[in-house]
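Line order of the protein sequences matches chains A and B.
Residue 1 is where the first sequence starts when you use this note's numbering, and the numbers rise one by one after that.
Residue 336 is where the second sequence starts when you use this note's numbering, and the numbers rise one by one after that.
Since the hints were derived computationally from the structure, they do not count as laboratory data.
This structure is a prediction, so every number in the text was calculated from the model and none was measured.
Each residue gets a CB set at the ideal place from its N, CA and C atoms; glycine is no exception.
Misleading hints may appear alongside valid ones.
As the list claims (entries may be wrong) - Among the chain A residues that face chain B by a calculated CB cut under 10 Å, a handful are:
#	residue
1	M51
2	E82
3	R84
4	T104
5	R136
6	P140
7	L144
8	D145
9	Y147
10	P148
11	H149
12	L151
13	S152
14	I163
15	A164
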Amino acid sequence: MATLLDIQGLTISFPNATPVKDLSFQVAEAETLAIVGESGSGKSLTALALMRLLPKTADITDGSIRFAGEDLVNIPEPAMRERRGRDIAMIFQEPMTSLNPVLTIGRQIVEVLRLHRGLTRAQARREARDLLDLVRIPDPDRCLDDYPHRLSGGMRQRVMIAIAVACRPKLLIADEPTTALDVTIQAQVLELLDRLRRELSLALLLITHDLGVVGQWADRVVVMYAGRKVEEAPPEPLFNDPLHPYTQGLLAASPRLHDDLHYRDSRLSEIPGSISSAVKEKGCPFVPRCPQRRDVCRTVFPDTTMAGLGRSVACHAVTPTIATGPSLHDAAVRL
Amino acid sequence: MSTMTRLAKVLRRTTLQAVPTVIGIVILNFLLLQLAPGDAADVLAGESGSATMETVAALRARFGLDQPVLVQLIAYLDNLAHFSLGFSPRYNLPVSDIIAQRLPGTVILMLTALALALAFGITLGTVMATYAGRWPDRLISVGITLFYSIPGFWIGLMLILLFSVKLGWLPSGGSGTIGTTVSGFALVIDRARYMVLPALSLALFYIAIYSRLTRAAMLDAQTQDYVRTAAAKGLSPFAITFGHVLRNALLPVTTVAGMHLGGLLGGAVVVETVYSWPGLGRLAFEAVMSRDFSVLLGILLLSSLLVIIANVTVDLVQAWLDPRIETR
Ligand SMILES: Nc1ncnc2c1ncn2[C@@H]1O[C@H](COP(=O)(O)OP(=O)(O)OP(=O)(O)O)[C@@H](O)[C@H]1O
Ligand code: SF4
Ligand SMILES: [Mg+2]
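Only chain B is shown next, with the shape it has when bound in the complex (with noise of 0.2 Å):
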């Protein structure tokens, strides 16, 4: 069987499995969101600072929060059923133009911080499992604890102290220089000025997962059997690490990767607060604060699709690295 068709078997096996599960996480987050205390008109009500109790019950008419749950609950699905995510009370646009607006924001970040996350990741990991035990190792992992135990929010505001106030090298916070009229290469530069703190930030914590994870993985390869026929091939331990212990040494990494690309969506919550990135997380945010479900429901059903689009890379990544994987 050749890799294109084992890869198809896998695509196809888990986008089936990803359908009900989608289902699931939209009804749960919808009936999760009625318990909180409060609505959409409680906020605008108290806002306004001059609203009666006959305009909040009005604007709730208005917006259908007023009607028992489940007709609310069929309401919101006859809607997603229909290619709609509703409407924003709040910023009175439907929602799928807010989110169109920031999502591009938050997956360029979170992008950029993944890769940043996997190359340096695997590379310490690289550089741990080589020198187990001896100085590099050790510097290095104290390091990684460092990024691992301090919160990312932290870390962030610290970067932002040192590059931005004190050496004045990057910006502190936003997208791209406001009015700026450079286009072309001069543009790209720009926008990465803008991200490398936030998508750092990002990616430490992870940075620090997935080298200690490589570090592991590659020694636990070492020992293995087919290591030694390459040694007795003669290969230089340069071809032995990149030619056959690494790529067996990715496979565990990749699962874990993967399970933690869901919290990469979490952090950026944080990350985009700090730095005022226009992004979903803090769209995520200010619906909490301002109550407007349908923008939060879109949000959270959005994340669980890009959660679930991972697993998929993931399984596909999985795949192509390791020929014993095939369709059960």
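So here's chain A without its partners, still in its complex pose (with noise of 0.2 Å):
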């Protein structure tokens, strides 16, 4: 499968902090990538980089993003402004507020569509009303004049993911689309967002830090810590034999992994300790939490190194032992 996003070194920077550094990872064309970390380790600043809407005061202070073919580090912003919803989309962690309350859904459907695909009014509408079929929208005629507060949160999410891929985009980030939702309905937008991936033939970015959601959806998984990736791997090699200590910590701390109803409940943030322990430069930014740790560890950042097919870790209690492999992008290219 052709690669679709490769991000190299991605480093995103505050004026008085680095929360995203030196961060490589690729998205085929039509797979589930999942980015798991717990809270603060920099996902969402990962993804609105994607999407070129890095807070004022943040910025790319290092790296590149491709996407098909074409660096979205340098694009101007009027070029990047096409790109944004018609290529690459975007759903959000709060269905709640991610409408605005004032217009109407159709509104708010048939603006991105007229805006993209250049639609008349009228088609826009027709369009809408069958976007909102397609992400099973009961009664989409009537929806479509209705406001946001007459809608439940798992609604109003599916209206969202209709905004998103209404321009048959080629990547659709989501942002832990099922975090502030019920359980119940948890499961039915990612079953809602895993049929668009096959139908729509798109790729999905999926950002959570729910290890149920992982297991079941992804094709790949990223874990992230304190700004950076700390393993990489497919989801069965990764739950049966996780390399990091930071994904071991995760696995031992959602007790029943394999038991699928346990899974959605299994919150990373479980393990000692905190990330904001972990802000100092120089060094595995988990030492303070780490079983494994040893005294170079303190003083330099370990390398990514392969570690089996599609698998790869940082960490200098792995790399010794299967450090032997080819780098991470050769084996990036062969994916």
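Since each chain sits alone in its own frame, please combine them into the complex, following the hints.
Following this line, the structure appears as structure tokens:
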């Protein structure tokens, strides 16, 4: 499968902090890549950087983002605006506040259709109706003229998804799309996303801290810690044989991982310690919480090394034994 | 529920609430005015210079001023129930006739001032929010602080000095050229020339208030999640501001604008005096000086009605802007 998105060495800085450091990963066409990591690990900032919608004070200070062969870091803002909502779309964690409360649902869908697809008002309205149908909203005709406050959270998230896929994007970024929803609704929304991924053959970048979601829906997983990628693997090997001490801690902290029902309740933050103790530069950020730490960990950040097919890990405890394969960059090309 | 039925419900609810309010205001005004020293008979007698105790007493008896307060109140309410505002001893005319003469002038002045205040206030506020922290924002801020802190009558006098005395562009007072024979469009222009300065002096304070409010409300709205959604759709900053931010920002602005409408009427008293504008404000001033309480009560009743109408209008505008507002 061809690479759609190729991120190399992405670094995001605020004037006084660097919450994402030297992050590299790839997304292939029509696959689902999950990014997991506890609160504050830089997942949302990474997603916003892809959209070039970082907060004003934040900046991409290093690295490249190649999307369909084009460098998104350096294209001018008007060109980026054309990509947003058309080639790359994004949905957010808070369906309750992500829709404009004073505009009808129909108008908010029609807006993006007219902007990027140049449809007339009537065409756009018909298309909006079909989109609501596509995301399985009952009685789409009535919903068009309804206001967001009349819909439940799950329904609103469906509307957000309808807006996101309105222009058939190649990449859909979903930043914790189900965190704010009821458990039963969560599954439905994820099923919907997966169905759309297949039907519209779009790539899905799924950001979550729910390991159950990862196990069920992801083709590959990137584990982030304190702004860095610490491990990458397909879900099966990751769950069966986690290599990085942080990933091991995660899995240990969610006891009945293979019981589907308990997947969704397992939160990453159950590992002792906190990410804020890891802000110091230099060395591995996981040192304060790592049971396997050694002296070198305090001074040198471990290189990312291959650890089997499609697997990589950044840890001094793993490196000496397995780090014999080619570098990750070569592996990514073969992927 | 369609927008129309929603608005109709809001209208019915607010109108029903207005009736007891008005009755309360009338009674309160009446009792308060009884506390002021002196009455119309005193003033008339004083002006004639040759009044005796007997003539003053006769005047009082003629206008019913010698009756107990409660009897006077009931008589007044009885008049109101028959849609009469009573009779003015000073002008020797029914109060409603006197007020009807002056009402249009004040209403036109207020509406013009309000329109100016909203148009300039919202525009300036939008500019300030768009350039928050940069020089256009700072520059406008300084100007607005001046408008806010300088009293209306002083601004009025300065405007007269500049535009009437120095530049000679605009008339310094009155509401139209006396003895003019123009009509149609020329008449409108003539009236507008007389309107500009009083309306502007009245509006400046409210421009200051509305622009600050708009700025704050827009900055607040800009941080909302739906603005990020709009940006993620690929909309331009212009489309985001006018399509998504502004309408949400107008909600708090209309609320406060409504609360300030009563103040606009108070400001009219001062401005009408400065510009010798023939309106209710000046009439009220004269009525106080001559203790012509029947005229004053009529004006106060009318003002409270104006404020209530303004509030109903605000409720309707809010319901129209915000679909979440429905009847409770
Ligand atoms: N506007 C901002 N100004 C300063 N620091 C910020 C800002 N936004 C985010 N950060 C910092 O960047 C880090 C990463 O934030 P990010 O929102 O990407 O985390 P996340 O992985 O999405 O967490 P969560 O699971 O809570 O959404 C955090 O430590 C946060 O403190
Ligand atoms: S590099 Fe060292 S501190 Fe970091 S996870 Fe590996 S063993 Fe622990
Ligand atoms: Mg986040």
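So, going through the hints one by one against the coordinates:
1. M51: With a closest approach of 6 Å, the M51 of chain A hint holds.
2. E82: With a closest approach of 6 Å, the E82 of chain A hint holds.
3. R84: Holds: closest Cβ of chain B sits about 4 Å from R84 of chain A, inside 10 Å.
4. T104: holds, 8 Å
5. R136: Violated, because the Cβ-Cβ distance from R136 of chain A to chain B comes to roughly 21 Å (cut-off 10 Å).
6. P140: Nearest chain B Cβ about 19 Å off; hint violated.
7. L144: Since chain B brings no Cβ nearer than about 14 Å to L144 of chain A, farther than 10 Å, the hint is violated.
8. D145: holds, 9 Å
9. Y147: Y147 of chain A check passes; min Cβ-Cβ to chain B is 4 Å, inside 10 Å.
10. P148: For P148 of chain A, the interface hint holds, since the closest Cβ of chain B sits about 9 Å away, which is under 10 Å.
11. H149: holds, 5 Å
12. L151: L151 of chain A check fails; min Cβ-Cβ to chain B is 12 Å, beyond 10 Å.
13. S152: violated, 15 Å
14. I163: holds, 7 Å
15. A164: holds, 8 Å
Of the numbered hints given earlier, the model fails hints 5, 6, 7, 12 and 13; all others are met.
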